[in-house]
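Residue numbers (this note's numbering), protein chains in the order written: chain W, 10 to 128; chain A, 110 to 218.
One or more of the hints may lead you astray.
Label-pair ranges, simulated between beta-carbon atoms [said to hold, decoys possible]:
{"hint": "1", "chain 1": "W", "residue 1": "S108", "chain 2": "A", "residue 2": "E193", "range": "34 to 40 Å"}
{"hint": "2", "chain 1": "A", "residue 1": "D203", "chain 2": "W", "residue 2": "G51", "range": "25 to 31 Å"}
{"hint": "3", "chain 1": "W", "residue 1": "S49", "chain 2": "A", "residue 2": "G167", "range": "38 to 44 Å"}
{"hint": "4", "chain 1": "W", "residue 1": "T66", "chain 2": "A", "residue 2": "Q110", "range": "35 to 41 Å"}
{"hint": "5", "chain 1": "A", "residue 1": "S120", "chain 2": "W", "residue 2": "G35", "range": "34 to 40 Å"}
{"hint": "6", "chain 1": "A", "residue 1": "T114", "chain 2": "W", "residue 2": "S39", "range": "35 to 41 Å"}
{"hint": "7", "chain 1": "W", "residue 1": "Q10", "chain 2": "A", "residue 2": "D206", "range": "26 to 32 Å"}
{"hint": "8", "chain 1": "A", "residue 1": "S130", "chain 2": "W", "residue 2": "S24", "range": "37 to 43 Å"}
{"hint": "9", "chain 1": "A", "residue 1": "R126", "chain 2": "W", "residue 2": "T66", "range": "37 to 43 Å"}
{"hint": "10", "chain 1": "A", "residue 1": "Q189", "chain 2": "W", "residue 2": "S39", "range": "21 to 27 Å"}
{"hint": "11", "chain 1": "A", "residue 1": "P169", "chain 2": "W", "residue 2": "S24", "range": "45 to 51 Å"}
{"hint": "12", "chain 1": "A", "residue 1": "Q189", "chain 2": "W", "residue 2": "S108", "range": "37 to 43 Å"}
{"hint": "13", "chain 1": "A", "residue 1": "T122", "chain 2": "W", "residue 2": "S40", "range": "20 to 26 Å"}
Since the hints were derived computationally from the structure, they do not count as laboratory data.
Quick reminder that beta carbons are idealized off the backbone N, C-alpha and C, glycines included.
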Amino acid sequence: QVQLQESGPGLVKPSETLSLTCNVSGGSMSSYYWIWIRQSPGKGLEWIGYIYYSGSTNYNFSLKSRVTISVDTSKNQFSLKLSSVTAADTAVYYCARGSGYSGETFDSWGQGTLVTVSS
Amino acid sequence: QSVLTQPPSASGTPGQRVTISCSGSSSNIGSNPVNWYQQLPGTAPKLLIYSNNQRPSGVPDRFSGSKSGTSASLAISGLQSEDEADYYCAAWDDSLDGPVFGGGTKLTV
């Protein structure tokens, strides 16, 4: 059974770049979409974007100018970079595996990591 | 403001049947399958229902999903205390070219 684990700094300063990595174990990255989703404190879920195992990407339109998702299948991991962060980017960030026609079914999730944006 | 609309809360007593609604539009629920996620307190969401009415392995058959037009519903029968959680619907949106979520429904048992 595939397992996902997020890692990265829990505190990022305003205007800097948030960087997270998701380690995938227990399964191959092939033929799946690899997803980042976030949840602001006390709020709902927001899809950030995905990368297909082959490298093609799709990002949430509202975040597109600041987001980069990359994959390294040789290391079984994928990463998120979100630039020019503000307090509004404070959230629990989840990585997930996506299946289905456009990766829209999130069938495995990491435990999530809280990232706080503050000086 | 979420693209999909869910009631913020729902409640029931043990053994009861409850339903949670999810309303969308022709660009999302009206033309794409709906998934449901369960988020127990302090944990990551978990896939509960996919493709409108399919249960992943391990999900009890007390949970069922349905879709009609631009709306979907999650039904939980034989309610148990461990069902107390937040429930989210989601679907691909053709106009936004990405998946969208409902705002979540907090179920109290």
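Quick rundown of the hints versus the structure:
Remark: the range hint 34 to 40 Å for S108 (chain W) to E193 (chain A) is contradicted by a beta-carbon distance near 28 Å. A beta carbon spacing of about 30 Å between D203 (chain A) and G51 (chain W) agrees with the range 25 to 31 Å that was offered as a hint. Under the hint 38 to 44 Å, the C-beta atoms of S49 (chain W) and G167 (chain A), about 29 Å apart, miss the expected range. Range check, T66 (chain W) to Q110 (chain A): about 26 Å between beta-carbon atoms, so the 35 to 41 Å window is missed.
Judged by the Cβ atoms, the range 34 to 40 Å given for S120 (chain A) and G35 (chain W) holds: they are separated by roughly 37 Å. For the hinted restraint 35 to 41 Å between T114 (chain A) and S39 (chain W), the CB-CB distance of approximately 37 Å keeps it satisfied. Q10 (chain W) and D206 (chain A) have their C-beta atoms about 30 Å apart, which keeps the hinted 26 to 32 Å range intact. Hint check: S130 (chain A) to S24 (chain W), Cβ distance near 41 Å, so the stated range 37 to 43 Å holds.
Checked against the given bound of 37 to 43 Å, the beta carbons of R126 (chain A) and T66 (chain W), roughly 42 Å apart, stay inside it. Remark: the range hint 21 to 27 Å for Q189 (chain A) to S39 (chain W) is contradicted by a beta-carbon distance near 38 Å. For the pair P169 (chain A) and S24 (chain W), the beta carbons lie near 47 Å from each other, so the given range of 45 to 51 Å is met. Judged by the Cβ atoms, the range 37 to 43 Å given for Q189 (chain A) and S108 (chain W) is violated: they are separated by roughly 28 Å.
In this structure, T122 (chain A) and S40 (chain W) break the distance hint of 20 to 26 Å, their C-beta atoms being roughly 44 Å apart.
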